[in-house]
Amino acid sequence: AQSVTQLGSHVSVSEGALVLLRCNYSSSVPPYLFWYVQYPNQGLQLLLKYTSAATLVKGINGFEAEFKKSETSFHLTKPSAHMSDAAEYFCAVTEGAAGNKLTFGGGTRVLVKP
Amino acid sequence: EAGVTQFPSHSVIEKGQTVTLRCDPISGHDNLYWYRRVMGKEIKFLLHFVKESKQDESGMPNNRFLAERTGGTYSTLKVQPAELEDSGVYFCASSQMRGGDTGELFFGEGSRLTVL
Chain A
1 AQSVTQLGSH VSVSEGALVL LRCNYSSSVP PYLFWYVQYP NQGLQLLLKY
51 TSAATLVKGI NGFEAEFKKS ETSFHLTKPS AHMSDAAEYF CAVTEGAAGN
101 KLTFGGGTRV LVKP
Chain B
115 EAGVTQFPSH SVIEKGQTVT LRCDPISGHD NLYWYRRVMG KEIKFLLHFV
165 KESKQDESGM PNNRFLAERT GGTYSTLKVQ PAELEDSGVY FCASSQMRGG
215 DTGELFFGEG SRLTVL
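Quick note, the sequences are listed as chains A and B, same order.
Note that the first sequence covers residues 1 to 114 in our numbering.
Note that the second sequence covers residues 115 to 230 in our numbering.
Because the hints were derived from the structure by calculation, they are not lab data.
None of these values were measured; they are calculated from a predicted model.
Cβ coordinates follow ideal geometry from the N, Cα and C atoms, glycine included.
Take the hints with a grain of salt, since some may be wrong.
What the hints assert, rightly or not - Calculated pairs, DSS-like style, for lysine-lysine (alpha carbon to alpha carbon, straight line, at most 27 Å): (1) Lys68(A) x Lys158(B); (2) Lys168(B) x Lys158(B); (3) Lys113(A) x Lys155(B); (4) Lys69(A) x Lys158(B).
Unchecked claim - Short derived list, chain A residues pointing at chain B, Cβ under 7 Å: (5) Gln42; (6) Gly43; (7) Leu44; (8) Lys101.
What the hints assert, rightly or not - For the chain A half of the interface with chain B, some residues (derived, Cβ under 8 Å), not all of them: (9) Val19; (10) Asn41; (11) Phe90; (12) Asn100; (13) Gly105; (14) Gly106.
Isolated chain A, as found in the complex (with noise of 0.2 Å):
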């Protein structure tokens, strides 16, 4: 069975600073993985995904991630957060490539403070 755990269910970050968002997985066959993101009063939007070609992806708004099979890990950064980056953000990990059946870490909300 597949899980995905954030780290902290809340993150305060100052205008301008690193963001960085914690996702560990288990997975049984090689994962597919995903960072999501919901501003408010929106549905989830895709920012990135690993689907086993690059460990190091690039996705919208200057958010990445790095696959770390060694670790489990699929960590989000951003090097300047923005206020307009204050949002929840999700894990995911599926069997397939095109993200259906997602399982979902717990979220993550960002706060970003001017």
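Use these hints to put chain B onto chain A, whose structure you have.
Chain B alone, transformed into the frame defined by chain A:
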């Protein structure tokens, strides 16, 4: 192009009542999914339609939940009778079918259900 739309955005009902949630996927998307997030918990898979057929309903919690997708277009999720533990946000998502690849999921804003 319209995205995935869900209705209602928020529903408040009493225990024992019935609620029907609706999802309109993106036009042309054969795959339709329902997910649910109970307060403080993870978003969890409920079921997957391919056109009008249920491909996987392994996440449906019990027989009080009934999902339909007549004609392979919009879908409804009925909860009857509703219980307190059914409260949460119900997300719908859709994707195109590309051969064996079901494509990127596009999510709606969710329907928040509150059972009192």
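Hint check:
As the CA atoms of Lys68(A) and Lys158(B) are separated by approximately 25 Å, the hinted pair is consistent with the 27 Å bound. This hinted pair checks out: Lys168(B) and Lys158(B) have alpha carbons roughly 17 Å apart, not beyond 27 Å. For the hint pairing Lys113(A) with Lys155(B), the CA-to-CA distance comes to about 26 Å; that is within 27 Å, so the pair holds. Only pairs whose Cα atoms come within 27 Å are accepted, and Lys69(A) paired with Lys158(B) is accepted, the gap being roughly 24 Å.
For Gln42(A), the interface hint holds, the least distance from its beta-carbon to any beta-carbon of chain B being 6 Å, beneath 7 Å. At its closest, the beta carbon of Gly43(A) sits 4 Å from a beta carbon of chain B; the interface hint therefore holds under the 7 Å criterion. Interface restraint check for Leu44(A): the shortest CB-CB distance to chain B comes to about 4 Å, inside 7 Å, so the restraint holds. The beta carbon of Lys101(A) comes within 5 Å of a beta carbon in chain B, closer than 7 Å, and the hint placing it at the interface holds.
Because the smallest distance between the Cβ of Val19(A) and any Cβ of chain B comes to about 21 Å, over 8 Å, the interface hint for this residue is violated. The closest approach between the C-beta of Asn41(A) and any C-beta of chain B is roughly 7 Å, which is under the 8 Å cut-off, so the hint is satisfied. Below 8 Å, beta-carbon pairs count as interface contacts, and Phe90(A) has one with chain B at about 7 Å; its hint therefore holds. The criterion of a C-beta within 8 Å of any C-beta in chain B is met by Asn100(A), whose closest approach is roughly 5 Å, and the hint holds.
Interface hint at Gly105(A): satisfied, since its Cβ lies 6 Å from the closest Cβ of chain B, which is below the 8 Å cut-off. Taken as an interface hint, Gly106(A) checks out: its beta carbon lies about 5 Å from the nearest beta carbon of chain B, inside 8 Å.
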